[in-house]
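J.: So the protein lines, in turn, are chains A and B.
First residue of the first sequence? That's 9 in the numbering used here, and the numbers climb one at a time after it.
First residue of the second sequence? That's 728 in the numbering used here, and the numbers climb one at a time after it.
Read the hints as simulated data drawn from the structure, not as lab findings.
None of the values given here were measured: they were computed from a predicted structure.
Built from N, CA and C at the ideal position, the CB exists for glycine as well.
Where hints are given, some of them may not hold.
Simulated coverage check for chain A against chain B, where a stretch passes if three residues somewhere in it have a Cβ under 8 angstroms from a Cβ of chain B [as the list claims (entries may be wrong)]:
1) 85 to 95
2) 197 to 207
3) 239 to 249
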Amino acid sequence: MGKRLFGVFMLLCFLAVLPISVHAKEDVSYRIIGMYDLTGPYSGLHQVILRGIKDFVAWANEEPGYFPDGVKWDHEIYDTGMDMQKCVAAYQMATSKKPEPIITTGGLASPTIIAIKPLAKRKKIPCIDGSSARPIVHPAAWSFSMQGCYEGMIAASAKFLKDNWNANTPYKLIRKRYEENKGRNPRLGLIGWDNAFGRAFDQKEIKPYLKQLGVDWVEPEYVPVSPTDTTPQILRLVKRGADMIYFGMYPNTHATILKDAARVGVRDKFQDMAFWADNIIQIRTYAGEIANETMMLTGYQPDTNEWEPAFKKMFEKTKMSEDYALGYSLAMSWFDVYGESIRRAVKKVGPEKVTGRVIYDVLTSMTDYKCMAYNSLITFKKNKTFGPSTASIYQNQNGKIVKIVDSIYTPNLLPGGEDVVK
Amino acid sequence: MSRRPCGTFDVSYEKDICVFRTPFHWIMLVVLLVLYLIVFPLLAEDGALSIMNMLYITIIATLGLNFLLGYCGQISLGHAIFVAVGGYITGIFMTHFGFSWWATLPLSLIGTAIVGLFFGLPSLRLKGFYIAMSTLASYFILVWIIMHGGAVTGGINGLPIDVPMIGSYEICSQRQFYYLIAAFLALAVFVAKSIARGRLGRIFIAIRDDDLAAEVMGINVFGYKLIAFAISSAYAGIAGSLFATYWGFISFEQFPFTDNIWYLGYVIVGGMGSIVGTIFGVFFLKLLGYFVMIVGPMIGSALPSIAGSVVSSMLLIFNGAVIVAFLIFEPRGLHHRWETIRSSMQIWPFTY
Chain A
9 MGKRLFGVFM LLCFLAVLPI SVHAKEDVSY RIIGMYDLTG PYSGLHQVIL RGIKDFVAWA
69 NEEPGYFPDG VKWDHEIYDT GMDMQKCVAA YQMATSKKPE PIITTGGLAS PTIIAIKPLA
129 KRKKIPCIDG SSARPIVHPA AWSFSMQGCY EGMIAASAKF LKDNWNANTP YKLIRKRYEE
189 NKGRNPRLGL IGWDNAFGRA FDQKEIKPYL KQLGVDWVEP EYVPVSPTDT TPQILRLVKR
249 GADMIYFGMY PNTHATILKD AARVGVRDKF QDMAFWADNI IQIRTYAGEI ANETMMLTGY
309 QPDTNEWEPA FKKMFEKTKM SEDYALGYSL AMSWFDVYGE SIRRAVKKVG PEKVTGRVIY
369 DVLTSMTDYK CMAYNSLITF KKNKTFGPST ASIYQNQNGK IVKIVDSIYT PNLLPGGEDV
429 VK
Chain B
728 MSRRPCGTFD VSYEKDICVF RTPFHWIMLV VLLVLYLIVF PLLAEDGALS IMNMLYITII
788 ATLGLNFLLG YCGQISLGHA IFVAVGGYIT GIFMTHFGFS WWATLPLSLI GTAIVGLFFG
848 LPSLRLKGFY IAMSTLASYF ILVWIIMHGG AVTGGINGLP IDVPMIGSYE ICSQRQFYYL
908 IAAFLALAVF VAKSIARGRL GRIFIAIRDD DLAAEVMGIN VFGYKLIAFA ISSAYAGIAG
968 SLFATYWGFI SFEQFPFTDN IWYLGYVIVG GMGSIVGTIF GVFFLKLLGY FVMIVGPMIG
1028 SALPSIAGSV VSSMLLIFNG AVIVAFLIFE PRGLHHRWET IRSSMQIWPF TY
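Just chain B, same shape as in the assembly (with noise of 0.2 angstroms):
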């Protein structure tokens, strides 16, 4: 829960359950979303715009798995490809039936939550590592159908998909995109804030906790863990969709096994169970690689003699040092490091 100065309390359930309680709350909102929709677009340049649109991507499909694993308790080793699923439905409508991209958002939506709903489906009989295994299959079974899908997916070549539109309006640079999917990202913290600060979110973290314990309170375990399932899928599918139209195509390529892992990193290392270390995560993890992508080569050039070895592992020690520091010295991830901080201000110069 959110910390807040001495003396503020909350005198309606109205006020409990809102997200921003103090003027200082709707400050720093305000200062955020200027820096973030007005100051960063305007000041940085195609590269850095590129790389942030890719992290609030990646962001938004995170917030979903967060919601399976973090609250509820259920490990998927499948995510990359429900994002796979929503891109290729948002291609599918795209270049099969000529819809617009804002038209096949909501069908990506559903249609993955959808897929994802069926393949939580043995989340009624398995949990814990069993669950896992499931989630995995579902990955493989998914790229099959992708590859093996003809016209219709593209096969191996995959699908090219249109910029998204608003009358004939084209939005196709790095900015313009920055400004859509920033959109998308805001709306979906503030629903998956919604969502975890809700009735939902408390189910779930009830049966992350004891499934036994809240099914004897009288939650239906079995449902609600396919719900999960769905809104991660629905997340995902968002997250797809975004991502085909940006990339302009959708290839099953785009969506490697290896960043099934990376999203459990991401949730991980940011701290399960809370949607700003999600935001952490992605953010700490994915910098790392780019900042490996810079410098990586400036060391083999400094250094020839380790360039083809040491610079070439690089990103895959740093990625797994980085991941083993934090399990045995911060297990709780950059969220509960940022809750330390904030605390610690909060009630500066008194220690405790």
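Bound conformation, chain A alone (with noise of 0.2 angstroms):
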């Protein structure tokens, strides 16, 4: 009897044991709201980086060790087709879900992610993307961005270019400049696309500090997203004087804009520099030996053999071209971050309890992490929501992609930013 009685008691037992066993066993699975644009105009760029974020995700929750044991994060895509209010509507719905989502993108494209900004701030979710643009960081709230704040970008190159103003640069292009203006200071001008991102580089805090640095600034121009012709803005650059000229584009227009230097004979007349999410493979594929020289400004890996190998051998597994090299790192990095905010919210509060707001202390609190497939630092403070302080430059060196500058100071010239001159 006794015998029967504690064999009943040891069953009950451990049928109140199991489901807490089970429990523990379980996996959490994170939500993350993935809102791309896979039917507008950024689409072809799009469909690269998704494919990437999707290698990465399934990559992430295989690989031991990445996430602690029992975690994993669910990526859930939405396509915005760069509609602002689609956009809103698939944020709305995907956070109304539960359980809540602990990060989402914006829609990669800064209209979309300036709408999404007071919504995050509000639902208390981090959206972390890539966009820089100033209504985006600033004030800054709960929108991170990859990139360096685009005034930064600005003044880097700025920078580089004063570095450079003398006969011994090794950069042909800014040595013939200087060797034709010597007596003058070198000068900065800028080329962008007739839109808010094309626009948002010319923030008035750029001339004093490009005064400072003994740089002079040239009067902007500005092309069409789609230019049939853009000689007369090139023209008019070339005839301010402008030694360098940052173009505030992508890389079709980029190459387009080359091509028309090339055809009216000025493109030795400048140096040109791609803007951080520009592609410099791309502006080669396009414009090919034109854009010998070309340089751009970006904490992305456009050459594959800086990525960790698991990362080379998933892109070769794609056969997609390695014009799009680009794209995909940039997609690796951006959930490398988020990947790191998850283990560190998890290490924090553990794995139940975390949600956007956790996200959001440990983002804040993220210094000088060094994401895969990315060169530039991360650090975000809750003034702000730019992740990257520096940069590095790659140049076309005769169709070869070459990284001249490891790592380059990127200023803060938002307003209250350290680098404004006061």
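From these two lone chains plus the hints, build me the complex, please.
T.: This is how it looks when you write it as structure tokens:
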């Protein structure tokens, strides 16, 4: 009788403990909302990025040690077509489902990220995306950017130009300009898309900073997103004596302008510097030899040899052309920051209690994080929501993409930023 | 004209011009209002509410265009920018002068109507495709002004806009906005219906059908065309003001050029010169877009080989095909289809 009672008691104990043990073995899966332009103007690029993200998400879920045991992420995809209304609707739909997502993208385009910014703050879910256009990162809120601030990109290009404004510089277009204009300060120009993104580089904090640096600012020019003839704009910049021109646009337009410049015989009259998320390899593909000497200031790694071997292998498996390596590296670096913030959040509060609020807290205390497939270190603060403060510079040297500067400081020229000239 | 059961006659002029004529109309109104204002907002989640909020704002704007295009026969290729003007007037007065949203509302209405009136002036000399070109110019001129408006318009950075307040009560959740926007939509539909059924609506129709004949009958064609532009823009102004406060900011990038074409599409697909058709048109085309938003990635995941080509063009293919299909098979729009179904139901089981 006693044995039987003991047996029943043990069975009851086992049944009582069973749900706990089963529960402990259950994976915790966090919802990550990915909104992309799969049917709009950026669909070509976003399809590549999405492929990289999907590969990285699957890899991270399977790679032992990337996440703590029992922790996974679930990447939910929405197509916004770069339409702000659809992006907001997708965001609302995704965030009203349970369990609540802990991180979202913002549609991978400045206008949609701007639309998501107030919602992210209201819902307390960090939005980590690419654009550092001023309305996104200033005033700092719950929208984080993986790129340096736009004003900082211009300032860093100016610093590079100033440092190389001598007869010994190895960069032949800058050297040529120096030899022709020894007696004056170097001049920096800007040519951008005629939209909010292209015009976002020209802010009032730029001029005093450049003046202090000893670089003259040349009045910018703007071109349509799909231009047919850009010779008037480029000729005006050349006439104003721009020694270096910063291109605030993406590769197709950048290549068109270079071709137009070559057609009217002024390609060797300026050094061109590509935007952070432009693509130096695609410019080379589109413009051929005309793109020799083109530079690009970025945190991304266009050269697959710089990546972790596992990612290089993953990229090779996609059989995509080298042109898309930069988009793929962008995907991995972003999602590695997502992954790192999840790891830190799990460590801080335990897997069951990770929320958007906790992710925000760990993000805003993230200092000098070296994420995968990325050159710059990521530091976020409550009042600084763009990650990198440095960038690398790559150059197309006779068709070969070479890293010429490992790390250059990208100043914080947002209102109230530490580098703003008083 | 609305068909009524056999034996239902209007016995007075008041009865003839009223919107709701039979007890059945009143019952339907109450049922619809209950569904629209009570059932849906209580049951729907934030995602569905945000879609409806945007649909309703778009309907208000499209009702305006329907007056110009559907009733008065004037093509406008710049309607999106008048919505932007309404939003910017709200933004400027709230940001720079500290006005409440409610106070900016009449300013948006009047201000946008005046801007619309100004850009309607070429209709004195132009019509058809030529007036379309002149309204197209208004889009580019106004975008340029907004973009270079410096601190007044916020330039490329746009303007942040506060939520509306009722006393100390903030309207900020999707549900609260739903009630606000739904109330304005109901008012906008009622006013539109009243205008369309009144003297002004008939004058617009006379101008649309034959402006020369209308002039011979003593109608001041130019004056009434300007009134159509003003009414159209006033609706856009209200929609813009709601849009701005709902989004919390205003930027010219929220009004891409393609929006002008979509506004035309809503009116054409819904049925020109029909209030109900406008609502149908917006619902149909907008919901098609949201359908692609959800289904596109699913198809892309299931069939990766077509993800980069077919799926990325799905929305354009769908929308293009729908408009072509409507122009060929149902040029009078969804409204006509609705009327056909309704009259068949009313005379059922007879065929005619």
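J.: State for each hint whether it applies.
T.: Right, here's what the structure says about each hint:
Counting residues of the segment 85 to 95 of chain A whose C-beta lies closer than 8 angstroms to any C-beta of chain B gives 9; at least three are required, and the coverage claim holds. Beta-carbon proximity to chain B at under 8 angstroms applies to 3 residues in the segment 197 to 207 of chain A; the threshold of 3 is reached and the given coverage holds. A count of 0 residues in the segment 239 to 249 of chain A with a Cβ less than 8 angstroms from any Cβ of chain B is obtained; the coverage claim is therefore unmet, three being the minimum.
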